[in-house]
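Q: What follows is each chain in one-letter form.
Number of protein chains: 2
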Amino acid sequence: MKTGSVSPEESALLALQRATHATLHRLATELVDLDLTSSEINALANLADGRGRTVSDLGAAIGTKPTTLTGVLDRLERRGHITRGTLAGDRRSVLIGLTPSGRTAADAIRQTIDTFERRVLASLGPEKVAAFHEVLRALTEESR
Amino acid sequence: MKTGSVSPEESALLALQRATHATLHRLATELVDLDLTSSEINALANLADGRGRTVSDLGAAIGTKPTTLTGVLDRLERRGHITRGTLAGDRRSVLIGLTPSGRTAADAIRQTIDTFERRVLASLGPEKVAAFHEVLRALTEESR
DNA sequence: TCACGGAATCGGATAATACTGTTCCGTAGT
DNA sequence: ACTACGGAACAGTATTATCCGATTCCGTGA
Chain Z
650 MKTGSVSPEE SALLALQRAT HATLHRLATE LVDLDLTSSE INALANLADG
700 RGRTVSDLGA AIGTKPTTLT GVLDRLERRG HITRGTLAGD RRSVLIGLTP
750 SGRTAADAIR QTIDTFERRV LASLGPEKVA AFHEVLRALT EESR
Chain C
650 MKTGSVSPEE SALLALQRAT HATLHRLATE LVDLDLTSSE INALANLADG
700 RGRTVSDLGA AIGTKPTTLT GVLDRLERRG HITRGTLAGD RRSVLIGLTP
750 SGRTAADAIR QTIDTFERRV LASLGPEKVA AFHEVLRALT EESR
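As you go down the protein sequences, you meet chains Z and C in turn. Numbering-wise, the numbering used here comes out as the position in the first sequence, counting from 1, plus 649. Numbering-wise, the numbering used here comes out as the position in the second sequence, counting from 1, plus 649.
None of these hints come from the bench; they were simulated from the model. Be careful, since some hints might not be right.
In this list, chains with the same sequence are indistinguishable; a pair is considered to hold if it fits within one copy or across any two.
[What the hints assert, rightly or not] Straight-line alpha carbon distances no greater than 20 Å define the calculated SDA-like cross-link-like pairs of lysine to any residue that follow:
| id | residue 1 | residue 2 |
| --- | --- | --- |
| 1 | 777 | 787 |
| 2 | 714 | 793 |
| 3 | 777 | 763 |
| 4 | 777 | 705 |
| 5 | 714 | 703 |
Can you make the complete structure from the sequences, with help from the hints?
A: See below:
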């Protein structure tokens, strides 16, 4: 008998967007002390692992064009959170790195994210979380 | 050590945002004929079921403040896609409805979304999709 | 050397988002 | 009935996000 759907299940994409809005807003609220916008938080969170990244790579990770990042990175640089270096081997590329203050901010962001995620995801169990990631991956992949 | 995670599992929130960006962009690209922005598409998609909604309700569904919607709705109204009526029983509220052209656009949006979702989700199986929704719901709930 | 293409930025345009204040309306208290 | 309070939406304003086209600088191959 067709799918044994328990409920009519709202559109996955709409639910996805709502969840993103909600979590983003929540993050910005909890991290209000840092005085950063959502995009800046997002950029720093993606840089938190310490690996340098080019603007293009960062844009691909976040989902925006390099053009969009220029302004965000300008502000982060002006605040002393990031540095713009040259990539060894290709001087066309700009290597984004964290300054000490940027690292502090990024660590705070990651910790806030981790705490939030653990709190929410722990009660659901690893299988569901794994399925969640799998679906996200599929949606992202198929959007290219 | 620590969790026997198969892979380091990137942050769920970062993956969530990337997926949202990617799918939104994909939608806007596929629906370029409609000449609508992401927010407009989002609003129409949420109205597609034909139930009228107040601005506040719509904002809650999308994840933005009513203030933000005013401009979006202005444009949709100017294009003849929506109407602003009064809510029976409370004349403070504005009831957003679809015009025929708005319904056409909304239907096209829903169909594009449905097709995309089916294509991506069908291969994953209903359990994973259900888990996906459950995690989304938990993340959204906990963000209040 | 020179033409081509990639990476990032700049200039300029539009949209998204939200804060504050205002208007209109509903409700409760007197 | 009158008034006070609060909710809903909008107007005004400011900041940010996003991107397109053009430009600059650089790497690569002919």
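Q: Identify every previously stated hint that the structure contradicts and give their numbers, smallest first.
A: 4
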